[in-house]
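Undergrad: Below are the chains, spelled out letter by letter.
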Amino acid sequence: MDNSEGYAIELRRIVKRFPGVVANDGIDLKVHRGEIHCLLGENGAGKTTLMRVLYGLYRPDEGEIILNGQPVQMTSPRAALNHHIGMVHQHFRLVPTLSVEENIVLGLDEGTGPFLNFRKTREKISAIADEYGLSVDPQAKVWQLAVGQQQRVEILKTLYREVDILIMDEPTSVLTPQEVDQLFNTLRTLVDDGLTIIFITHKLDEVMQVSNRVTVLRQGKVVATLLTAETDKPTLARLMVGREVVFRLEKSPMEQREKLLEVNDLHALNDRGLPALRGVSFDLFGGEILGVAGVSGNGQSELAEVLTGLRKATKGRVSLAKKEVTNCSTREIIDLNVAHVPAERIRIGIVPALSIRENLILKDYRHPPFSRWAFLNNKKTEENAHRAMSDYQIVAPSDETPAMLLSGGNIQRVILARELSKNPSLIVAAHPTYGLDVGATEQVRQVLLAQRERGVATLLISEDLEEIMTLSDRILVMFNGEVMGIIDAEGADIEEIGLMMAGTRQKGEEL
Amino acid sequence: MKRHVGFKVERRPVASGRVVLLVSLLAILAALVVAGIFFQIYGVSPIRAYQLILRGSLGSRFGLAETVRRAIPLLLCGVGLTIAFRALFWNIGAEGQLLMGAVAAAGVALFTGLPGPLLLPAMFIGGFIGGAAWGLIPAILKVKLGVNDIITTLMMNYIAIYFVEWLIHGPWKGPSVRGFAYTDTFPRAAWLPTIYGTRIHWPTLVLGLVLAVVMYVLVTRTRSGFEIRVIGENPDAARFAGISQLKTTLLVMLISGGFAGLAGVGEVAGIHLRLLGPTHISMGYGYTAIIVAWLARRNPLAVIVTSLLFGVIMVGGDVIKVSLGLPFQLINVFNGLILFFLIGSEILLRYRISFLLRS
Chain A
1 MDNSEGYAIE
11 LRRIVKRFPG
21 VVANDGIDLK
31 VHRGEIHCLL
41 GENGAGKTTL
51 MRVLYGLYRP
61 DEGEIILNGQ
71 PVQMTSPRAA
81 LNHHIGMVHQ
91 HFRLVPTLSV
101 EENIVLGLDE
111 GTGPFLNFRK
121 TREKISAIAD
131 EYGLSVDPQA
141 KVWQLAVGQQ
151 QRVEILKTLY
161 REVDILIMDE
171 PTSVLTPQEV
181 DQLFNTLRTL
191 VDDGLTIIFI
201 THKLDEVMQV
211 SNRVTVLRQG
221 KVVATLLTAE
231 TDKPTLARLM
241 VGREVVFRLE
251 KSPMEQREKL
261 LEVNDLHALN
271 DRGLPALRGV
281 SFDLFGGEIL
291 GVAGVSGNGQ
301 SELAEVLTGL
311 RKATKGRVSL
321 AKKEVTNCST
331 REIIDLNVAH
341 VPAERIRIGI
351 VPALSIRENL
361 ILKDYRHPPF
371 SRWAFLNNKK
381 TEENAHRAMS
391 DYQIVAPSDE
401 TPAMLLSGGN
411 IQRVILAREL
421 SKNPSLIVAA
431 HPTYGLDVGA
441 TEQVRQVLLA
451 QRERGVATLL
461 ISEDLEEIMT
471 LSDRILVMFN
481 GEVMGIIDAE
491 GADIEEIGLM
501 MAGTRQKGEE
511 L
Chain B
1 MKRHVGFKVE
11 RRPVASGRVV
21 LLVSLLAILA
31 ALVVAGIFFQ
41 IYGVSPIRAY
51 QLILRGSLGS
61 RFGLAETVRR
71 AIPLLLCGVG
81 LTIAFRALFW
91 NIGAEGQLLM
101 GAVAAAGVAL
111 FTGLPGPLLL
121 PAMFIGGFIG
131 GAAWGLIPAI
141 LKVKLGVNDI
151 ITTLMMNYIA
161 IYFVEWLIHG
171 PWKGPSVRGF
181 AYTDTFPRAA
191 WLPTIYGTRI
201 HWPTLVLGLV
211 LAVVMYVLVT
221 RTRSGFEIRV
231 IGENPDAARF
241 AGISQLKTTL
251 LVMLISGGFA
261 GLAGVGEVAG
271 IHLRLLGPTH
281 ISMGYGYTAI
291 IVAWLARRNP
301 LAVIVTSLLF
311 GVIMVGGDVI
321 KVSLGLPFQL
331 INVFNGLILF
341 FLIGSEILLR
351 YRISFLLRS
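So the sequences go chain by chain: A and B.
Numbering follows our numbering, with no gaps: position 229 of the first sequence is 229.
Numbering follows our numbering, with no gaps: position 219 of the second sequence is 219.
Isolated chain A, as found in the complex (with noise of 0.2 Å):
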């Protein structure tokens, strides 16, 4: 047997197959106690799956788990916590009606016989809260909370039952650049209380700071495990992608044109009828890329909404091409050549069931060529399917092949495939780039700097402020659905949008 001593974890050649897919394959980890330890990997490379196998969501096809050099068996994530193991989802798995004690003790037997007792709970929480700086009113609920408090009650949920080992995944995606900074605070007292920490993240920057050790994961298979301090941000990158990556795309600078999207006063409200938007306005020229930058859930995604028909807005207006446009239907835009590359691609951007050839027709149906009076024709419609498959890349075995057999990246080429072959006058884009490995990542960048230069505006949506940044010609900051300034991208100040994200006002700036 092999010499586990000072191993908190050990995965032994895990394999864990989905349909069609390797998403681990063989990989082995060591995790020592006591330090923060990074995944790095693209989407897709088998992070979130290889955490799913330690924390008893998924079993493993092959291999072992080693906790404390005993071989263990995680049936659910029940065992995990069982042997002390806890971990904090990228999406979070809480209660939005219920407090934050409640949240706490959900599933716990605490109390006595059938009645809850919150009075040791509330003693148990603050203390745990005073010691790591995780403060929060235990008897707020939920859906009060912001996000970034509402991870510090999934951290504290952990905590309270006593882990010894922390996965987070993603955590930092839907915080500001501050609140990372409080998280990674956070994270170093836990550390030094004797916590380890399996930290999973697609970015660079947060493995250089938070980091003691780094395992990184290429398309399911383990590239290297690495010393933080022993390596820099190129030699990651390179081992993360398998190749050179470029930093910067080649841009031209933007020619003034005319003015083609005029946003006036824009008020929305969310789906639970509470205020999304209040009073956005901005406007939008051909050939030039807006990048929309905000923590997500500040009124991009309705943003988005409103302008392509999908939700209406409660006053204001909006103006394409000089013609009022507020509140037309969603068919009404689609034929004013709008296009949207929505940011929930599989919920709305594709119709699962249905094959490529019949997805790339979705919003073109009902014109020639692809349909004559009632019928379709199908001839066309496989041309078409054929040409968008070769211009776009599209890997897929026919135009027949059902879009949800397709990878996210096929799905979105695709996507991109139907909104931009008509030659949009505008776009808007949601995380066009979001969940795709980085071949794709570039090809859909390319793709908006090209319909750019052919004189299109594009609304760009984004979390990612590296891509926003290398993109946009100006960048707009929301915070709860109002614009807190609109900067040129030349030379902005991450800093600065930061500060905007969290709700400070560009100076000078008067709405």
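Just so you know, the hints here were simulated from the structure itself, not pulled from any lab data.
Treat the hints with care, since some could be wrong.
To be verified - Computed, partial: chain A to chain B, Cβ under 10 Å:
(1) L310
(2) T314
(3) E332
(4) L354
(5) I361
(6) A374
(7) M404
As the list claims (entries may be wrong) - With a cut-off of at most 30 Å between alpha-carbon atoms, the simulated DSS-like pairs for lysine-lysine come out as follows:
(8) A/K120 <-> A/K141
(9) A/K221 <-> A/K233
(10) A/K323 <-> B/K247
(11) B/K247 <-> A/K379
(12) B/K321 <-> A/K312
(13) B/K247 <-> A/K380
(14) A/K30 <-> A/K233
(15) B/K247 <-> A/K315
(16) B/K247 <-> A/K422
(17) A/K141 <-> A/K124
(18) B/K247 <-> A/K312
(19) A/K315 <-> B/K144
(20) A/K379 <-> A/K422
Every residue gets a Cβ at the ideal spot worked out from N, C-alpha and C, and that includes glycine.
Position chain B relative to chain A; hints supplied.
TA: Same frame as chain A, now just chain B:
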């Protein structure tokens, strides 16, 4: 080391036609086995019961004709329901829509005084409108007010049933039928022709077969069919693509309700030749058609086969009553079991389960 049998559940990418057929047959087989327990409780060997049912429904010219006769309304209702179910509109109301079609046809036959050759076409048109109107009410309620379609379509059945009862006991009660609760017999021009020596009113049968093909083409080849499939497979994507939920829902319920109405015309003009008690007109065709459409996996062409299968089962009900002295209602138990296993078996279409020996 101890060996034990484990099993593994994996997602299937897409179920092939062969798998769908196999799983459907498995569901029917499971229903046959469980229904067999009921025969056993009555002291009848299930094997013998099934033999009798097969012989009674398919083994003679008379049985075969009865099977086809029963399949006609199931075919029309079933084809319509596949279209509604494709658009995720849960029409449980084919029974009521069938009855309203029958009412409309009876109204045309008895009270319009149209000349002979025009009478039957007018009855079919009237029946279609009657059924469609009954189906459009829940459609409008769902799209405009968000009222649950399952509940409204189901409740509309009861309104239709009592409406027919009221008509035949009240204003439409035939002056010439004395104490009985039904209308006068339709004029000769309103009788549908039948195949000689049987009760197969062939014009309705032909109509059903043609409509099954037309609906198949509609779903697979036309713009409206594309809209129906997009709405059914992903309503959010339909909204995103600017497809009108209102128009599409109205269209599918026009079709679904209208076809059930045509089935009602066939029953009164081909079999009963008058409007009579609702349970006599329909015997639950509208409900059974739900299972027919579901077993056909919402494919209008496959309804031709599944409606015949349920024709066999319905005739089987007569057989067990006459030959074995068992209650006709056993057939409803059997139908329920088929639907139960059919819905239960859908998990097998989405997941593959394999057994393996572990040590």
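Undergrad: Next, verify each hint and record whether it holds.
TA: Hints, one by one, checked against the model:
1. L310: At 7 Å from the nearest chain B Cβ, A/L310 passes the 10 Å test, so the hint holds.
2. T314: Given a least distance of 19 Å, the restraint on A/T314 is violated.
3. E332: Hint on A/E332: holds, closest Cβ of chain B at ~8 Å, below 10 Å.
4. L354: This hint holds: A/L354 lies near chain B, its Cβ roughly 6 Å from the closest one there, short of 10 Å.
5. I361: holds (8 Å)
6. A374: Since the shortest Cβ distance to chain B is 5 Å, the answer is holds.
7. M404: This interface hint holds because 8 Å falls under the 10 Å limit.
8. A/K120 <-> A/K141: OK: A/K120 and A/K141 at ~19 Å, within 30 Å.
9. A/K221 <-> A/K233: holds (20 Å)
10. A/K323 <-> B/K247: It holds: about 27 Å lies between the C-alpha atoms, which stays within 30 Å.
11. B/K247 <-> A/K379: holds (27 Å)
12. B/K321 <-> A/K312: violated (61 Å)
13. B/K247 <-> A/K380: At roughly 26 Å apart (the allowed maximum being 30 Å), A/K380 and B/K247 satisfy the hint.
14. A/K30 <-> A/K233: Given pair A/K30, A/K233 holds - Cα atoms ~22 Å apart, limit 30 Å.
15. B/K247 <-> A/K315: Given that 30 Å is the threshold and the Cα spacing comes to 28 Å, the pair holds.
16. B/K247 <-> A/K422: holds (26 Å)
17. A/K141 <-> A/K124: Distance ~18 Å between A/K141 and A/K124 Cα, so the pair holds.
18. B/K247 <-> A/K312: The hint holds at about 20 Å.
19. A/K315 <-> B/K144: holds (23 Å)
20. A/K379 <-> A/K422: Holds, because 18 Å separates the two Cα atoms, which is no more than 30 Å.
The structure shown violates the earlier hints numbered 2 and 12.
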